[in-house]
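Colleague: One-letter residues, chain by chain:
Protein chains: 6
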Amino acid sequence: MAKLITLGEILIEFNALSLGPLRHVNYFEKHVAGSEANYCVAFIKQGNECGIIAKVGDDEFGYNAIEWLRGQGVDVSHMKIDSSAPTGIFFIQRHYPVPFKSESIYYRKGSAGSKLSPEDVDEEYVKSADLVHSSGITLAISSTAKEAVYKAFEIASNRSFDTNIRLKLWSAEEAKREILKLLSKFHLKFLITDTDDSKIILGESDPDKAAKAFSDYAEIIVMKLGPKGAIVYYDGKKYYSSGYQVPVEDVTGAGDALGGTFLSLYYKGFEIEKALDYAIVASTLNVMIRGDQENLPTTKDIETFLREMKK
Amino acid sequence: MAKLITLGEILIEFNALSLGPLRHVNYFEKHVAGSEANYCVAFIKQGNECGIIAKVGDDEFGYNAIEWLRGQGVDVSHMKIDSSAPTGIFFIQRHYPVPFKSESIYYRKGSAGSKLSPEDVDEEYVKSADLVHSSGITLAISSTAKEAVYKAFEIASNRSFDTNIRLKLWSAEEAKREILKLLSKFHLKFLITDTDDSKIILGESDPDKAAKAFSDYAEIIVMKLGPKGAIVYYDGKKYYSSGYQVPVEDVTGAGDALGGTFLSLYYKGFEIEKALDYAIVASTLNVMIRGDQENLPTTKDIETFLREMKK
Amino acid sequence: MAKLITLGEILIEFNALSLGPLRHVNYFEKHVAGSEANYCVAFIKQGNECGIIAKVGDDEFGYNAIEWLRGQGVDVSHMKIDSSAPTGIFFIQRHYPVPFKSESIYYRKGSAGSKLSPEDVDEEYVKSADLVHSSGITLAISSTAKEAVYKAFEIASNRSFDTNIRLKLWSAEEAKREILKLLSKFHLKFLITDTDDSKIILGESDPDKAAKAFSDYAEIIVMKLGPKGAIVYYDGKKYYSSGYQVPVEDVTGAGDALGGTFLSLYYKGFEIEKALDYAIVASTLNVMIRGDQENLPTTKDIETFLREMKK
Amino acid sequence: MAKLITLGEILIEFNALSLGPLRHVNYFEKHVAGSEANYCVAFIKQGNECGIIAKVGDDEFGYNAIEWLRGQGVDVSHMKIDSSAPTGIFFIQRHYPVPFKSESIYYRKGSAGSKLSPEDVDEEYVKSADLVHSSGITLAISSTAKEAVYKAFEIASNRSFDTNIRLKLWSAEEAKREILKLLSKFHLKFLITDTDDSKIILGESDPDKAAKAFSDYAEIIVMKLGPKGAIVYYDGKKYYSSGYQVPVEDVTGAGDALGGTFLSLYYKGFEIEKALDYAIVASTLNVMIRGDQENLPTTKDIETFLREMKK
Amino acid sequence: MAKLITLGEILIEFNALSLGPLRHVNYFEKHVAGSEANYCVAFIKQGNECGIIAKVGDDEFGYNAIEWLRGQGVDVSHMKIDSSAPTGIFFIQRHYPVPFKSESIYYRKGSAGSKLSPEDVDEEYVKSADLVHSSGITLAISSTAKEAVYKAFEIASNRSFDTNIRLKLWSAEEAKREILKLLSKFHLKFLITDTDDSKIILGESDPDKAAKAFSDYAEIIVMKLGPKGAIVYYDGKKYYSSGYQVPVEDVTGAGDALGGTFLSLYYKGFEIEKALDYAIVASTLNVMIRGDQENLPTTKDIETFLREMKK
Amino acid sequence: MAKLITLGEILIEFNALSLGPLRHVNYFEKHVAGSEANYCVAFIKQGNECGIIAKVGDDEFGYNAIEWLRGQGVDVSHMKIDSSAPTGIFFIQRHYPVPFKSESIYYRKGSAGSKLSPEDVDEEYVKSADLVHSSGITLAISSTAKEAVYKAFEIASNRSFDTNIRLKLWSAEEAKREILKLLSKFHLKFLITDTDDSKIILGESDPDKAAKAFSDYAEIIVMKLGPKGAIVYYDGKKYYSSGYQVPVEDVTGAGDALGGTFLSLYYKGFEIEKALDYAIVASTLNVMIRGDQENLPTTKDIETFLREMKK
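Residue numbers (numbering that gives the first Met the number 0), protein chains in the order written: chain G, 0 to 310; chain U, 0 to 310; chain Z, 0 to 310; chain C, 0 to 310; chain E, 0 to 310; chain V, 0 to 310.
Don't read these hints as lab results, they were simulated from the structure.
Fair warning: this is a prediction, and the values are worked out from it, not measured in the lab.
Everything hinted at is true.
The calculated label-pair distances, taken between Cβ atoms and stated as ranges, are:
no. : chain 1 : residue 1 : chain 2 : residue 2 : range
1   : Z       : GLU307    : V       : LYS108    : 52 to 58 Å
2   : U       : GLU123    : C       : GLU123    : 24 to 30 Å
3   : G       : GLU272    : Z       : ASP207    : 49 to 55 Å
4   : G       : GLU272    : Z       : LEU224    : 40 to 46 Å
All C-beta atoms, glycine included, are put in the ideal place defined by N, C-alpha and C.
Take these sequences, add in the hints, and give me the full structure.
Modeller: What follows is the structure in structure tokens.
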């Protein structure tokens, strides 16, 4: 059983119960979210282990995060409670103004999660992991959080990074500068990204060209293509797995589902192609519900999907 | 006005309000269901009569079943209350792990419905019917229920049977053996089945070949093809009616909607082809909602659908 | 900033929370609706002004209409309260018996809205408008309401009319006679219609032929084609803008969204073709929710849609 | 088993899901209601029979009424469908502006129910009843409905009448005149009323004095006192049964629950005092839910209540 | 018609749909709130005018606030949009850990509302008011907001102040110091407070003693006593009005309902005692629902309440 | 930190969203329940540890139970999955036919939970506990489960037992016989019971007399009195703590809340009287919501309650 450790901010998500501009939405549904927490649960669902290094506030939403993740099997022993700041939250506006897309409205500035710092990174704990993962979001939320990622990556034997650029958290310029800086410093085993992020980081939105440029920094590159599926680049090879047509409830977290599932199956010894085919299923199921973690499938569920959908 | 009598178990259905694995579903919606009850209501909606021979528990769910079906126009004079066992129930998990499919989780073992036995079959009552219908489910739930079907089929002038194999109730081997035994004993006027069931019973999933094999046992064979529509075989002829693309809420009961509507329109004197075209509409509307009976259309509603959808 | 004044009945809408025949719908969601109110809000959303001449009852639903529309920025100074009759209401049955269509069940006979009469039409107020708009519905609800439209159109410098034939309010013959009478009397700047209405009024459902016939009465003709989009005819030219494939919650009000948005962008100085492309977006977003006004987009929202959907 | 026949209007009720003025209520819950229908179901719940003479529209709400009441065991063979008018409906505003009270907003003017007329009263059918019941509401909704009551009362061997004055349907003067006229013409076996109605009809709100005055017209008088309970007057005697303190969801229909249960238990041979004690329980349970008929208890349920609440 | 101007922060409220600790609450209901906005709407409901000086973010929640308040009749001409910060929000936890009480969890630090500053206070606008009102909350949210209050109070002919101490926004010491400083500088026409706040400000929780001490600073003092009612002190006199026993949904905003209603009726020329009796009703209705403004009654509604509740 | 181990069946609860007979309840809310699981979470909330020995099915409801309890901090290492039977479930009917009471409808016969047997009881694990707890329910569900209790009690240094008689699971005679047998065999440190159970077991419903009789079997006796509070008997002393008047949503689980909280505070070193005062608060909060565990308070929450409610 492989072990993943992720670093990031866990957020409480308030998902609009009805579509359209939030001013006209009267009811919201609460979920636990945050990219690195999503990765963690997806990783666990394939039969591996995951722990998360993160901070939450000393409030109901913070305890909500801990209890939910512990319930999902996440090792929460390195989640800390910071009583000086509230747990970060966000709202999701769905299918408006763009059908099939969602928009996040954050209340996370100065949150407990952004107080994550190098002191929270326990060296022995990080060393115990087969893989250490973080994302562009963690780089963006605070300089101490960024430093925590640097410290963890320094210690880690294997590193995974999802570019996950959120332009509400930093500018395209900052994102480009900071991500390239990280990539230059640490060679990655896995880079998960998409064409929008590639355009920002490399000025290149063609998947093949972007992947070629990224290959200096990472061994395996997963290029997400939204509803169209994803491509994985490795050993000079390329494999494309297409997406499925399903009703879209909320696309938030679909990329994390794909990434976390792919990493976990890789460590389960799956062929890279098969791991991607399976990961696409996790991502597909994810967009059919509100909530980022509730529809993350087990390996067995993915196999049932594949058998019945006869892709 | 033709009269149908069905034998089977009426169940209370708890349908998941949200998609995904039931562990994460917090709210459930109650409906009255059960294949033979669904057939009955579909039959009535086309302007004919239907009575059901069934048992429910002496509990709120049992009275729920009686009141609802009486409200829908079903003759409930031969529904009995068995105070020794509870009314059977089931839960529906929707679109997970396979999009567009539903899964049933039964709490029906030892239920009042399974106590159905030959004593519950009133000879005079059965003789009053133009057609007597049951399904593989009734054969599977208990040996007394199976005997009740045998008794009713013995008396009936015309018989209809829906294979409806549920592998949570019996094994494929049992299903095959028992259904073939029934078919060998009683010639059917109508056999309603699908390619999955044909594969189990005959080892043949090609619709035409399966229908040919079934034609020894039944006069008219309706082969359901899921979202693709259905084929009817009769008099050495074959007619295919295709399905419609609509949003799928829950597919449970779609086959019963098709079967019950087809039988009823046949007795209304419709051409077989037209009866199937109409029955497909009933089945289409059925998958658009939770609940098996609420969207069963009248003949007039089907005609409005056909006129507006300009198939 | 251009000013539109509309005349019509504001209704309270009770939209079925679940699909299917209303007898089985247990919950209803309240919204403010009414074709001319919808036009008004769509007009405002593009940065122009709108006032409505209408009557509501001295009841909770009447005050609901006033408060909601005032909130949306509508000039409600010419809405009057008529304590002799209730505010009109209607129920919406969705996707049954025809998928992707909705049916309205009115409780508006003798409503306060139908008491609208020429005395409610303030000459100075009407003169202050760049455009005066009404619809076939207002002609149909009462003879005094019809006279109010005549009075307003007499005063107006520019007139807009949406044929909006509702066969639950009058017969096809009456609709034809009254609409042709109005068209013969007042030359319109804008006529908004569809092929069903054209068939009733002109006996012609071919869009081009119908538009040609209508061109005697109106300068610019918008021919709505439902999910397929719309065509605009002007200056002897024709421009077709196609629709988008999105999940349909309720189509009620889609035509008003298209019409109101088109008119407003025209007055904003948009090219007619661009105005129609944008109006199609308003109509598309409208069908994705229950409620007629909550998803009406601003110009900026439409542009985000167009950029992201890369039509 | 005694048989009751009632004459009146069946309404579809839209009950506010949240408290407060309806303009701010967004969701409504549908129920079948109408005083005489409520009486009927309460009567049946104690093990007797009831039929209703009424008209509904040829619409979803009309069929809703028929199916629901048939499900509840009501003899609906004398309910007629009138396709010239809609089924009457009403909305309920709860706990505002007066806590623990509800307000009804009717849309029933010209409804199918108000088309009830003497032709709908089948002489043989009425003769088959042990008791014929109607209310002030039926007198108020139309002159033909009033005449239907007269015709039925003429035929009936025993008559019951609930004064049920609704000042939204007629003035206090009309109510007084018409009710006194009816009372003068037909001697009643049962008169059900309350102190507000007594004040209007007799100018007397003291229960004892009012009952004394009413005793010229009726054998048994039930005087409802709201949450305080009720008094029954008969044979020169008087019995007071006090109410119970329970959470109030909606008081609509509480009086009907009391009346219908009392009548039925009287015919079951209960002592009048005991019948009233039991009827108070029915009324108590009724105010704990939205909906007028769903909480009507069986005799056995009442006994469980009495045993556990140890009044 | 008197005019009130209030200064404060408008918040979007997310009220827990179910009781208990928020970690276990899955659904939240959105409302517009904020003490000074509540005062404003309560003031308007009695037939006077109110405008609010406030800032909201350039986001859906900001527009929500503007549209809702405009709909309620508030003069929003001096509400400004600040695109540098989000609209403040808060969550409400109900009946836990203390039954009949609510707890607010704020996400308002650095909000647009806290950017309110003296530049936002238009001198001419403030002069047009008969009364200017603010609260301890506005003093607490930022120093610029506090300065805005000082500027407005400087200009105002008459001042009203609600102490409204929120210990999540400042310490008891700060609250005491800042409120006393304000009181020392500006003589108030109205001071609204309660015994908890009196304890903090004066070290005195006995209502009479506290009122005596406050009488140096204010002409009329309203001392709120929670469910027990309130006392008004003026001209050396004292009047106590008791509360009503009603089911408590959420007490948030009850004090604002009382204060705003009292002020408005004072300006309507009501005797002070009667104004308080009426204000208690507004406060009583307010606790029966979620949301701070939806149940604010008109004068007529209050009179219906008083007539029916026969206090 | 003390450690409790409980043995029992974990159930999935489907709580009626609306009051009244279940036949008319359309929506149900899912929770994790079961008396011993409730005890466990209540025990943990006061800062101690708890593990549960139990079996669930290999189904969504079984995983639901594990994930929820793990999230709540329960040691689930000795929960086993039994794939031969389903997880037990039950429905709750609220406030009908008796206001303020709830009724459970079980579907637990032959459930995975009832397969609990001595082999599931790990000797070392049980020895690690400071206290071992079970209830009459576990004795009733199966003979193997009863034997598991015997085995655990044999090993345990300290024993706690809640009589918890459910007459739907066994007869009064069986309950009496089996409970007395257990009491005769094992001396208890804690016996939690109520007057109804005392009546069945001892034929004595007077609390003092029953406690005296029970004192042969147990050191500390907690006698629950429903809404009136509870009495604790120990060392020949008696202490009564009264209940609080709060709105009752569902009383299910209130006794477990009281028992589990009391036991935990005892081990925290609280005086017995204070432990009971606190436990009453846990029980009070419990009845205010649906669900048995969501409102279980921490010690700190109880103290806030006591401070604010000034009992």
